[in-house]
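*Asks:* Sequence:
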Amino acid sequence: MGITTSGSRRRAGLTVTAAVLGLLAAAGAPALAAAGSGTPGQAPDAPRSGPVQPQAPQAPQAPQAPQAPQAAPQVPAGISRLAEGAGRDIAITIDDGPDPRWTPQVLEVLRKNDVKATFCMIGTQAQAHPELVRQVAAAGHRLCDHSVDHDVTMDHKPVAYQSRQILDAKAMIEKAAPGVPVDYYRAPGGAFTPESRAIAAASGMRPLGWSVDPKDWSRPGLPAILSTVENGLPAQPTVLFHDGGGDRAETVAALSQYLPWLAAQGYSFTFPARTGP
1 MGITTSGSRR
11 RAGLTVTAAV
21 LGLLAAAGAP
31 ALAAAGSGTP
41 GQAPDAPRSG
51 PVQPQAPQAP
61 QAPQAPQAPQ
71 AAPQVPAGIS
81 RLAEGAGRDI
91 AITIDDGPDP
101 RWTPQVLEVL
111 RKNDVKATFC
121 MIGTQAQAHP
131 ELVRQVAAAG
141 HRLCDHSVDH
151 DVTMDHKPVA
161 YQSRQILDAK
171 AMIEKAAPGV
181 PVDYYRAPGG
191 AFTPESRAIA
201 AASGMRPLGW
211 SVDPKDWSRP
221 GLPAILSTVE
231 NGLPAQPTVL
241 FHDGGGDRAE
251 TVAALSQYLP
261 WLAAQGYSFT
271 FPARTGP
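Each residue of the sequence shown is one higher than the one before, starting from 1 at the first, in the numbering used here.
Hints in this document: simulated from the structure, not taken from any laboratory. Among the clues, some could well be false.
Capping the alpha-carbon separation at 25 Å, the derived lysine-lysine pairs in DSS-like fashion look like this [as the list claims (entries may be wrong)]:
(1) K175 - K116
(2) K112 - K215
(3) K116 - K215
Taking CB as the label site, the calculated pair distances span [as the list claims (entries may be wrong)]:
(4) S218 - G276: 27 to 33 Å
(5) T275 - P223: 35 to 41 Å
(6) T153 - A235: 30 to 36 Å
(7) A128 - A235: 35 to 41 Å
(8) A224 - G276: 28 to 34 Å
(9) G221 - G276: 34 to 40 Å
(10) S256 - A235: 23 to 29 Å
(11) V159 - A128: 25 to 31 Å
(12) V159 - E131: 30 to 36 Å
(13) G266 - V159: 40 to 46 Å
(14) A128 - G189: 20 to 26 Å
(15) T193 - S268: 29 to 35 Å
(16) T153 - A263: 37 to 43 Å
Small disclaimer: the values here were computed from a predicted structure and weren't measured. Where is the CB? At the ideal position from N, CA and C, for every residue including glycine.
With the hints as constraints, model all of the structure from the sequences given.
*Replies:* In structure tokens:
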């Protein structure tokens, strides 16, 4: 499903794409001072009566050292699959929402277990349910860009299309929750390309993968989901769940059992790594 974007968003997308291709000029040139001191639309001041008193000459000001341009914050373009921290730290990620039925239920399970997660949001869903985006952010969870409309064939599309999918979705999420950073970009179905990873990183979003996939989106049954997420967890795992895209009753039930089990095993809950490999 396509969307109509504003001219400013398209120009922003082209700018980031050009940066990825090495065609963008170095950022951070110093701003020029505006010329003129009058206010448009006003007549000049009337001439003063009487002689003008001469002013004492002012001492010359010491020259100031030039300021170095501020570089935009960057994150690595490599795909993050590890949780922040050490071996028994774990990151829970929730994809394909926000959904008005399932996202509130997932949020409630997370709240009861004192767990913070990362929500990978589809742009059109964030646009349709901005109150849920704000609710997720207000609860202390992190936000992740999951493209405009979850096109799993993005890796076969032109770079300009990939850029629009990434940057337009980011803008939709930011509009829904002003002032809240979008920390990650997760390609739909893991359909990353070197270009899409670079576009995301240049926009301050770490490309985000996963290391454990219980395939809850396919509704394999609660025992199958729990078996996958409980057996053979790697160090610092990032686990993939879903709160959108269909019936997520099994996901809610699995999280209700899985999160207390993890805590009992000595795991600590954190977010996916934004720095490092």
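*Asks:* The structure should be examined with respect to each hint, and the outcome stated for every one.
*Replies:* Status of the hints after comparison with the structure:
| no. | hint | in the structure |
| --- | --- | --- |
| 1 | K175 - K116 | holds, 22 Å |
| 2 | K112 - K215 | holds, 24 Å |
| 3 | K116 - K215 | holds, 21 Å |
| 4 | S218 - G276: 27 to 33 Å | holds, 31 Å |
| 5 | T275 - P223: 35 to 41 Å | holds, 37 Å |
| 6 | T153 - A235: 30 to 36 Å | holds, 33 Å |
| 7 | A128 - A235: 35 to 41 Å | holds, 38 Å |
| 8 | A224 - G276: 28 to 34 Å | holds, 32 Å |
| 9 | G221 - G276: 34 to 40 Å | holds, 36 Å |
| 10 | S256 - A235: 23 to 29 Å | holds, 25 Å |
| 11 | V159 - A128: 25 to 31 Å | holds, 27 Å |
| 12 | V159 - E131: 30 to 36 Å | holds, 34 Å |
| 13 | G266 - V159: 40 to 46 Å | holds, 44 Å |
| 14 | A128 - G189: 20 to 26 Å | holds, 21 Å |
| 15 | T193 - S268: 29 to 35 Å | holds, 33 Å |
| 16 | T153 - A263: 37 to 43 Å | holds, 39 Å |
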